[in-house]
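Residue-level listing of the chains:
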Amino acid sequence: MAAQQEHKFKVIGTRPIRHDGVDKVTGRAQYGADISLAGLLHGKVLRSPHAHARIKSIDTSAAAAMPGVKAVLTAQDFPEIGPGMAAMGELPINPQHMSLNCIARDKVLYDGHVVAAVAATSPHIAEEAAKLIKVDYEVLPHVQSVVEAMDDKAPILIPGLGKGEDGEPTDTNVANHLQFARGDLAEGFAAAEVVIEREFDTSMVHQGYIEPHNAVAQYSSDGQSTIWVSTQGAFTARDQTAFVLDMPPSKIKVIPAEIGGGFGGKIPIYYEPIALMLSKHTGKPVKMVMSRADVLKATGPTPGSHIKVKMGADKDGKITAAEVWMAYEAGGFPGSPVGAGCMCVIAPYDIENLQIDGYDVLVNKPKTAAYRAPGATNAAMGSETVIDELAEKLGIDPLEFRRINGAKEGTAQPAGPKFGQIGFLETLEAAKDSDHFKSELPQVEGRRVGRGLASGFWFNAGFQSSATVAINTDGTANVVTGSTDIGGTRASCAMIAAEVLCLKAEEVHPVVADTESIGHTDMTGGSRVTFATGTAVYEAAQDVLKQLKERAAKSWKVDADKVVFQDGVFTCTENGNESMGLKELAGKLPRTGGPVAGRASVNPRGVGPGFATHVVDVAVDEETGKVDVLRYTAVQDVGKAVHPSYVEGQMQGGVAQGVGWALNEEYVYGEDGCMQNTGFLDYRMPTCLDLPMIETVLVEVPNPGHPVGVRGVGEVPIVPPPAAIANAIYNATGVRMLDLPMSPPRVTKAILEKNG
Amino acid sequence: MHELNYEAPTSLDQAISVLAAAGENGRMLAGGTDLIIQMRAGVRQPGQVIDAKKIPELQALSFDAQSGLQLGAARACCEIIADATVQQHYPGLAEAAALIGSDQILARASVGGNVCNGSPAADTTPALIALGAVCQIAGPNGTREVAVEDFVTAPGQTVLAPNELLVAFQIPAPQGQVSDCYQRFIPRNEMDIAVVGVGSCVALDGDTCTTARIGLGAVAARPLLAKEAGDSLVGKTLDDAAIEAAAQLAQQAASPISDMRGTAEFRTHLVGVLTRRTLKEAAARARAR
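If you're matching them up, the sequences are chains A and B in order.
Straight run, no breaks: the first sequence in our numbering ends on number 756.
Straight run, no breaks: the second sequence in our numbering ends on number 289.
Think of the hints as simulated: they come from the structure by calculation, not from any bench.
Just so you know, even glycine gets a beta-carbon here, dropped at the ideal spot from N, CA and C.
Be careful, since some hints might not be right.
[To be verified] Some chain B residues judged to face chain A by a derived CB distance under 10 Å, without partners named: (1) Lys53; (2) Ile186; (3) Arg188; (4) Arg267; (5) Val273.
Chain B on its own, in the form it takes in the complex (with noise of 0.2 Å):
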């Protein structure tokens, strides 16, 4: 029979020398709405599981109009959603959050937890790419920073060392007309894993992009930053063809696989689908501020 043990330390100190007792074996848990369910499943066995949940620095839901928004990792969905500060600066965000469950799912789970899972499907990683959040990580050894676009690298895997945990994101103060968009696409209308998720984010001064970022989910290995995509609307007015080029773009950034949620063939067309309506929200909430 399998041996587990929990622990919910107080303190960040604490959860990082528990963590690093346990080494290969430890495993943190914030919701454990996938957690628990790998564990069920066997695909996970951690003999140490370190409850998130308790440490200050991860319930962080703060935002300064210089520096933007700190999010605690494990600060449940259901609170970010509800929060009118990232309903006003982070509308991409809030969707992407309000996506991961039901209800109860959403008391227990958090945006960092749904990235730490690495999951290529994740809805609030592509989203937070779009916003250019970094990761805010602590071990042993101090802190360090990670883009979120490069935390992820592999299906379950990160770049976090067994003795690391992910504590917060760091996410850039929209500054003038800013806005983002996330938008996945699900055969039902609950209850489902992105087929292909975007997230889109632009700055506008005046009818010119001077910004963009496009976050892809569901479309590779991990989720991606379509950096060329973005980069080709720098400088132009967003248009039907702009948005066209970029869609096309992100489609060639994509390479996706084949599974029981969709065929290659089939992501890759609602990639181009799903850019071009974010990116045409994205502006038209950008263009609201």
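One chain only, chain A, in its complex shape (with noise of 0.2 Å):
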């Protein structure tokens, strides 16, 4: 499969060193706490230490009376937006509740949501002063499952929310309500041979993004307005900060800083309008940056949820039929990716009779974020057990009964849409023939060793995308995105454009811009870089290739499709001697008409797919309930690998966080609804020592979509893990673990349960 493409391409699949490795290993890489301005002032926030309270009344005096302070603030000062849907690119927002989030009006909904800010002339004064200002809270009972929330004695978030029959607004938690349904259940399940049915509880967990949120903004007295911060979409920032302050985007200018993880909680804003609003009311640039607290209080975790899975299969082991119920947390505002994941839960597979049904209900925690391949992880760890069970009880090996089931091109996907060219049975079969899964189980003393698998899929996105590509007079290119370059996009983009015109890979310069210095890009998310930024990139190029040739062509005097572009060579085909490099040609370009730049703006649908299968090996210790991953294999569908280290390390990392979510990693409330590890000591994720070498097979079916046949890479590995290694506990333990995070409490209960 690799193998078919490889002699087409000189720079794509090789692995140069990344054209921004050199100031990030120096320090010299500018991250949004790395910027200072003259004059900056420093923004604190207080934050509610409720989980659910109104706010009866604020009282700023004290602080705004310390000196050093130079502006308090409350969302009193902040322009009240109200309800209603509004567009964000091809996504629905809601600009009410993001402002709400930003910070609170008349109610906080969880523990850190902010309530109020002050500038003062360093970090210490802001924080001390935030520490002045007396909030009245009228505390509220709260609800932190979805499964009370859902209850129609819960405490109610937001009123109003429902719309009962009559259309009039109902109080209710479920924010929204989906369902997938085709075939017929009953019939299905009465033609199954086995019935499995299993409850499932996970745990809200955090991305883990080791640089807190930032922002610097600046406001002038004309109304522009520039931000500085670490995000994963300068345009993303720029509108929602527009959305939330009721400016004209136009007015704002994003400069998107370097950025040290986001893993989609960067896509939303937290403090770009705070700073902005700080800047306004004291005409001075505002500099804010989260704790590790506040990180994990009020940002980005994903949903814990609940899921039933009932599944049935007939003897031969083709599934008959699948019923899967899914209620997510949603946090304090609307919006779990729930949805995603009644699309994500058994898209892997060819169900005839389904139904799927989806919550996205409200609970006192903070407003959920997207996460690598969003709301797919929660559903594997239901539907990818459920699968292992069903297998064992048939007595067919868990690989083969996902191939008998395993979707291919033209299987219907639980949401209707067939798939086109996709790879799963490719992973399957790759797994089947790697090293690990042909290796005997490795034995440690004292401990039950066992085997997992499970697999997963994500859509990938496409959006839009913006990219310009220009020729400098030494033969070189720039290739300038607005896609802020969280997992070595900077690399991919000039390794495509570096393709087109035949340069090496550090013969191309890429720049992320701001958002006034290229067309509109949407965020750096659902693994689209490489796939829409780099299709902007290679029509851009083609632009530059195209205008080159016209230029050879003027210079030898002939039309343009008489010249022919091979190796860095142009050739005249009318007259074969005459030829020019890319680079003589470059030199020449004053005096043949002027500088060549190219661009492309696209919104390309041609999305492919992506699909894993992992392999785990784990080691239980019995009497203490610790799992230790003695050995992982990740084989992924990447389609076309541009810089396939670059990909090795998205399926490292995938892995490496869901090892975690499926382990150790949890929100931990108190009785008081308040969060009780807000610091990487009990937020508990993997470190060096908790993982061994990921393993990963690159299977490259090209997506037929994508010029150089990119699929989306980063999010799929992160959906099999908790199921796979679920899987590899029960196959060492006997033990079927239903709830995340596996944690040596939980286990150890579960084997004292076993062993009476």
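Assemble the dimeric complex from its two separately framed chains, guided by the hints.
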């Protein structure tokens, strides 16, 4: 698969050093918190200590009187945004909820919800001043589990959220219910030899990016504003800030700083509008940086969930019916990724009879944000462990069971549309052929060892992107895009341009531009940048090539269609003696009509979905419940891997986060509704001592919808790990773990219960 | 804004007088790996910080075959765990000291600081309890000695008066077939605070246990000596039955709470597991001496 295309590419598929590497390893790269400006003030916020409360009054006088304090703001200083939906790119958003999440007006909906902000001459003064703000709260009963929040008697977070049969608003915490159904469930289950029905609980988890959120903002007296911020989307940050502050987007320039991880969590805005309003009130630039506790309490977790999965299969292993019920925590405002969860949950399989119900449920926890294949990991924990159990009960190898039911080109997805060219079955084959799968289980003294397998699906995204490619007089090229670089996309975009122009990767200089220096570009997310921005770069480079051919034609006085470009050389087909290298031609541009720059703006539709199959070996200490991952192999259909090292890195990163989600990561709330583990000591992400070297197998089934075959690669690797590890724990101990995380107390309890 | 004064006395007398002058406002700083975090979090807000690292008595690390180990309270863990004498005679203490943090943290952190921080979950305290260590305390009225199991009184609190400081630990010399072991349970392989920690020290005469001490961490408001559990082994062969009986007594001594690091039920279970494991290992080490 990989071989069939390799001869075509010279740059794509190689592993050059990343263009931003030196700046990053030498500390020269400017992250949001590194930005400094003359006269800079520092902003801090006061956050709610309650999970649910009405704000009766806020007294800012003591804070405002503190020497060094330049402004103290509450929601009253921000425009009040009315209800209703708006469009941001192709995504529907709710500006009112966005505004109220940035700074609470009448009610706080979670521990850590911002209620006021201070700007002062130093961060310490701002912090001390924030403590002097007096908020009079009427504490309300809180609700933090989806099951309880769906109960009729539950405290209501946002009144009038629902709509009754008469169209009148009703009080409910269920923000949305969606359903996909086809076939006949009863008939399907009746045809089954084995039916398995299980219920799962998964905990809220955080993306855990190492860099806290930040924003530096400068408001000018003419209303023009500039924001420097580590964000996944400069345009996205600009547009959201404009909604929240009721400003025209064109009045705001966002300059994307370098970004220290996002994984979806840096798509929403938090401090951008606050810093800008503090700047407006003080006339000075204002910088705001979160602490780790701020990040965990009040930014982008992905939901915990309650999931019920019922599946049946006949004696040949064919799945006859699937019924899935999922309720996801939205957090304080609507918008959990339950829809994506519903569309992913059994997507790798061809199932005739199905019903999938999804509920988006408000709870007194931070508003959830995207996190790497949002919604799909929770879902796969349910479906992929039930599939393991079905296969076991039927005596069919779990990999073979997946092959029997596996989706291929033409299979209808749960939501209806049929798959195009996909590589799920290929991932199963490659997993089967992997060294890991063929190896014996390693033995560990005093431990039970087991092997597990799970698969996963993620759509990947398209969306809007712009790019320009300009030729320098020395024959190198500059590539300008609007996509902030989280996963090595400077390198992949530069390599695509280099491929078209027959340059070396290092002869192309990728630049991430601000919102006034490039056409609109949607956020870096949905594994879309190398796909969509890569398409724009490809087309812009083709545009450059077309113009260069015209220049060569002009200097040879022939028609442009008589010029061909191969191996970096323009040749005239009409006169075989005429040829000229790209570098030579670049030097002649001033005398053949001036500079050459190409541009493209795209909204490509040919997105190629991603599939993954993972194999894991674990060792379980039956006395302590501790699970060690001994060996892990991630197999994935990556389309064409532009820079294989970064594709592998994405896969390894997704697995590492998935292992954390599986074993130890969870939001711990006390009886008071406040988060208890607000640091990396007790919010336990895996350390490097908790992970083996994660092996990767790249399956390259090219995406026909992309000029070089790219599929998104960054998200699907986080989908299988919890289910794969749960299946491995079962294989080791005979215990089916149904809840995440599969932490030592839970595993111990399950083992003790099994052993009586 | 909070004002902070820092002094680094070079003698015990100087330290005591600075401490006495500061009163409730003073706090000794050894490695600072707990204190600085607590100051940042606003948990402790001393106005006078007194650096313990430059006082010679607090840097002691010397072994005598009769009197045992004199371990200065501020001696860095990285030096303790690299010390051949400690490794040979007190492997459990070396194990505990090595768990306090990463290499960078170990270069600053001290056993004395770990104990004085008063955490019920401190790793070195149960190891020191198992070894029968004695705390040497100095103050304006002279010196006094307190058994390490009596040193911590409640979470974050010790027997130290505001004008006193911990100078050193005196750890008895092992006589004959004696050895120790410390193990803790954490959910990951690094970067965690003990869910439960158990230190065990046993002395053997042939196959018979002559003394046994078991220290428990993170299962009560302060680190504990599980005296009945240790005493139950005296005069016995350390077979599975004897060890199991001791483990059950250790579980009875524990009175854990449920928190984000573990449930009470899980902690009690782990006391049994770790008591068994550390007793077996300590016995194996003692037999090998």
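We went through each hint and held it up to the structure:
1. Lys53: Hint violated; Lys53/B Cβ to chain A Cβ min 25 Å, cut 10 Å.
2. Ile186: The hint holds - Ile186/B has a Cβ within 10 Å of chain A, the shortest such distance being about 9 Å.
3. Arg188: It holds, given that the least Cβ distance between Arg188/B and chain A is near 5 Å, below 10 Å.
4. Arg267: Where the cut-off is 10 Å and the nearest Cβ of chain A is about 9 Å from Arg267/B, the hint holds.
5. Val273: Hint on Val273/B: holds, closest Cβ of chain A at ~5 Å, below 10 Å.
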